[in-house]
Amino acid sequence: MSMMHDYHLHSLFSGDNQTPMEAMCRAALEKGLPEIAFTEHFDVNPNEPMRGQFPLAAWSKELERCRALFAGRLILRAGVELSEPHQSPGEVSALLQSYPFDI
1 MSMMHDYHLH
11 SLFSGDNQTP
21 MEAMCRAALE
31 KGLPEIAFTE
41 HFDVNPNEPM
51 RGQFPLAAWS
61 KELERCRALF
71 AGRLILRAGV
81 ELSEPHQSPG
91 EVSALLQSYP
101 FDI
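Anchor point for the sequence shown: position 84 equals 84 in this note's numbering, and the numbering is continuous, going up by one each time.
Do not rely on the hints blindly, as some may be mistaken.
[Unchecked claim] Using 20 Å as the maximum straight-line C-alpha spacing, the simulated EDC-like pairs for lysine to aspartate or glutamate come out as follows: (1) Lys61 / Glu35; (2) Lys61 / Glu30; (3) Lys61 / Glu22; (4) Lys61 / Asp102; (5) Lys31 / Asp6.
None of these hints come from the bench; they were simulated from the model.
Please take these sequences and the hints and turn them into a complete structure.
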């Protein structure tokens, strides 16, 4: 039997969701998921209203807090969803080098 994972979750750190990470972690546990990934949006397309609005410091702090809170019960992966990365490769590269993303 294979285990289900969800590697495409957006929390309140993305413009399309207002749910806190901790609440999403609790929901994952209730559903029996052993592992999830928070893959917040990082848009570099100049036409995107949320362009460049990824609060990495606050996001990573909350991710680490949740990792400690749910240690031994839920694996949390760090991810980012890149929008149009070819439009600003330097900006994307800087982000990817600034944190040890899993996905």
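| field | Structure versus earlier hints, numbers of those that do not hold, lowest first | value | 2
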